[in-house]
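Q: In case you want the letters, here they are:
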Amino acid sequence: STHASAHFIRNELAKAIRSRGGAHQANSLLGGVDEDGPSMYHLDYLGSLEKVNFGAQGYASYFSLSLMDRHWKKNMTMEEGKELLKLCISQLDTRFIINNPNFRLVAVTAEGKVLDEVLDGHAST
Amino acid sequence: WPEARGRPSCSDGGAWGRRRREREAQEAQEARRPRARTTMGSRYDSRTTVFSPEGRLFQVEYALLAIEQAGACVGVLAKDGVVIAAEKKTTSKLLAPPKTSEKLYMIDDHVACAVAGLTSDANVLISYLRRVAHNYKLQYQEPQPLEQLIQRVCDLKQGYTQFGGQRPFGVSFLYAGWDRHYGFQLYQSNPSGNYGGWKATAIGPNNQAASSLLKKEYKDECSIEEALKLSVKVLNKTMDSVTPTPDNMEFSVLRMNEETKKLVQHKMSNEEVQALLDELKQEEEEEKAREEAKAAK
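Top to bottom, those sequences are chains A and B. So that you can map any letter, position 88 of the first sequence is 97 in this note's numbering, and since no number is skipped, the others follow by simple counting. So that you can map any letter, position 181 of the second sequence is 366 in this note's numbering, and since no number is skipped, the others follow by simple counting.
None of these hints come from the bench; they were simulated from the model. Glycine is no exception: its CB is placed at the ideal position from the N, C-alpha and C atoms. Treat the hints with caution; some may be incorrect.
[Stated by the list, open to error] A partial selection of chain A residues facing chain B, derived with a Cβ cut-off under 10 Å:
#1 His12
#2 Glu44
#3 Ser48
#4 Tyr71
#5 Glu126
Let's have the full structure, built from the sequences with the hints guiding it.
A: Quick look at the structure:
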């Protein structure tokens, strides 16, 4: 299950940070669909874990989290979710100093991976 | 050749000669001693790591015999829970009443087990089971699936039948548990490391008689109450004592609390067990009365 996988990885991260080799330098957003439905987990290299409805890692979070906070609602459809993501990307495009126009969009449902597309950005004027 | 060594010139043959004579004397003495005649394997039973010519592992079979000397256990799977019952063998009136059970143990919130065999061996395995179950919970933050847990302890038991030269554990277990994949389950495991899932089973002395009675009377999808009645009946039949009392028996019921949706492991109190025994006695008397009425006609 997603819950079990997330906790397993968190355990590994927590072990690593106080080990000789040091932390695994990786933050992640883990999402999946299982018997309890879809769920997403936000993990970071220190071994913290939180179940979230939406999330972001890296500089993107400074720009996106507030937007998702405002626009996310329960039982959104796939299309609405995609629109919200595209909104976040567009704001990154406008406000963030680093140009990061290309994104890979992946979506998972109970049937498995249903989407794997590339959103290539454009230079805004 | 060591036998040939010796110093004929010395009066008793020297050190080597002395050794040889001692060894021969010892062997002659052993040959004179009456050898305990075992009906089972003779030359293939002292080590676990050898097969007999018929393909048997005698140490494992002897371990199973050791379990026949212990108190019996019965397990019955119901539609909405599991019942395990154990016979408490009182070896001496002088023994202080134990504060914790010596037959029924809780491994985790979702697993309980009953023990038949050497209590000391059982304690080691129970510690192992608890450690495995809790390590899983620490890593995955969810209760371990039952079969996985049982496979781990059975792999440990199997190791003692194949290498190391140490004797197998002289314990059989009945496991009662629940997991989200297969619901309520009942398993049995052996000193051989074999395990199986059961609807109803018995271990310990008279387990064949108990199993045949269970086969006759078990009903699929029975309720917990019916399972309890069946296990009392079967345990009674396998026990030596004439009058069953709550002091000789222990019952543990694993069920899901309907309101809180949480698993509950309930060890029945003496009063509850007495109520069960009274019910059983009443039913037996009614049955007897019916038989007599039929015979009279």
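Q: For every hint, state whether the structure bears it out.
A: Each hint tested on the structure:
Annotation: A/His12 was flagged as interfacial toward chain B, and the flag holds, the nearest CB pair being 7 Å apart, inside 10 Å. Contact between A/Glu44 and chain B, as hinted, is supported at the beta carbon level, the nearest pair being about 7 Å apart and thus within 10 Å. A hinted interface residue such as A/Ser48 counts as satisfied when its beta carbon comes closer than 10 Å to some beta carbon of chain B; here the least separation is about 13 Å, so the hint is violated. A least Cβ separation of about 30 Å between A/Tyr71 and chain B goes past the 10 Å threshold, and the interface hint is therefore violated.
Because the beta carbon of A/Glu126 sits about 33 Å from the nearest beta carbon in chain B, more than 10 Å, this interface hint is broken.
In this structure, the hints that do not hold are numbers 3, 4, 5, in rising order.
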